[in-house]
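**Q** Single-letter residue listing:
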Amino acid sequence: MAMSWIWVLMVGASILCGAATGRMEDVAGAALEGANAGVELCLAMVGVMCLWMGVMKVMEKSGMVQGLSRCLHPILSRLYPQHARDREVMGAVSANVAANLLGLGNAATPLGIQAAQRMAKGDGVATDSLCMLVVCNTASIQLIPATVASLRQAAGSASAFDILPAVWIASAVSVTVGIATAKVMAKVWR
Amino acid sequence: MMSMVVPCILLVVTAWGLSRGVDIWAALVEGGSQGLQTAVRMVPTLVGLLCGVYMLRASGALELLEGAVAPVLTWVGIPPETVGLLVVRPISGSAALGLGAELMNTYGPDSLVGRTAAVMLGSTETTFYTVAVYFGAANIHHTRYAIPAALCADAAGFLAASWAVRWLFP
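Chains as they are written, first to last, in the working numbering: chain A, 1 to 190; chain B, 1 to 170.
Some hints could be false.
[As the list claims (entries may be wrong)] One-sided excerpt, in silico: chain B residues whose CB lies under 10 Å from chain A:
{"no.": "1", "residue": "22"}
{"no.": "2", "residue": "49"}
{"no.": "3", "residue": "65"}
{"no.": "4", "residue": "70"}
{"no.": "5", "residue": "72"}
{"no.": "6", "residue": "87"}
{"no.": "7", "residue": "114"}
Quick caveat, the hints were computed from the structure, so don't treat them as lab data.
Nothing here was measured: the structure is a model prediction, and the numbers come from that model.
Every residue, glycine too, gets a C-beta built ideally from N, C-alpha and C.
Generate the whole structure from the sequences, applying the supplied hints.
**A** Pasting the structure below:
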């Protein structure tokens, strides 16, 4: 629904503005030009996207998620103290984080949902652990942002992956702020 | 340095897969066909979104909006050209990708604006979609502080993306 309102806003604002500045002809041309650009963008991205999704499939099948999730277990049991002894929750959560780190969104979501369903108490109110799980999943922690890299490649970047350190810094800051905010809010927001 | 990243990842993943007895080629092809489907599914969203953005730009409305928020964004260190991305990023993933691509094409992928847009896209998620999926699956109606905390994380990500790009690519 939100995107419908954004669409209405975009079209309304351009028509109003175009009429006010007398650029209606440009606006009409731009609408069709934009539609073409959408298709061209997808075509330009397809190659790199296919390659990375292939690489990710190999990661998934070779058990990289399980390996990484074992390393993450000690950290995560501190983030979810209420469930530190619950093997099923901790297993699902660490596999969820591992899959997110590797960029396997399709594998991460079902694992996260499995953990969320176990954490829910059944009264429809989010527990602190549930809020933490959601906040951690809304803050992207991918090690290799493959889709963005394919976008940069499509736009003709000289080195599509040179943003990696910046992405890691920004992700780390975002996750840290998310976790800290959730921890603080848990104390005051009942 | 960074040119080693892609070959190294390919090497490590291939070696790991081989040691675990995975049919690497079959997995590559299977994943690739999923990638193709994802790209095809994105076409309608991108067509609609870029149509809207091109109209906004041609009409001069985008410049007006940028001009209005520029002082605030510049003051905190965010390039004002990315204002659309800040709004759309938490709501729709493919729409945000479309906006990011548009910024990269207009300003160049290796420019300050292009790089900042890319880092913003790579370091944040589609917040509202994720919240809906998780709480929907767990049957939660009262979400307490989850959305405000997640949006704080997004805002921190946007700021950090702008600062990191300024710092690492002077």
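**Q** If a hint holds in the structure, say so; if it doesn't, say that too.
**A** Consistency of the hints with the structure:
1. 22: Interface hint status for residue 22(B): holds (5 Å vs cutoff 10 Å).
2. 49: At about 7 Å, which falls below the 10 Å cut-off, the nearest Cβ of chain A leaves the hint on residue 49(B) intact, so it holds.
3. 65: For residue 65(B), the interface hint holds, since the closest Cβ of chain A sits about 8 Å away, which is under 10 Å.
4. 70: violated (17 Å)
5. 72: Where the cut-off is 10 Å and the nearest Cβ of chain A is about 19 Å from residue 72(B), the hint is violated.
6. 87: Since the shortest Cβ distance to chain A is 8 Å, the answer is holds.
7. 114: holds (7 Å)
Consistency with the previously given hints fails for numbers 4, 5, ordered from lowest to highest.
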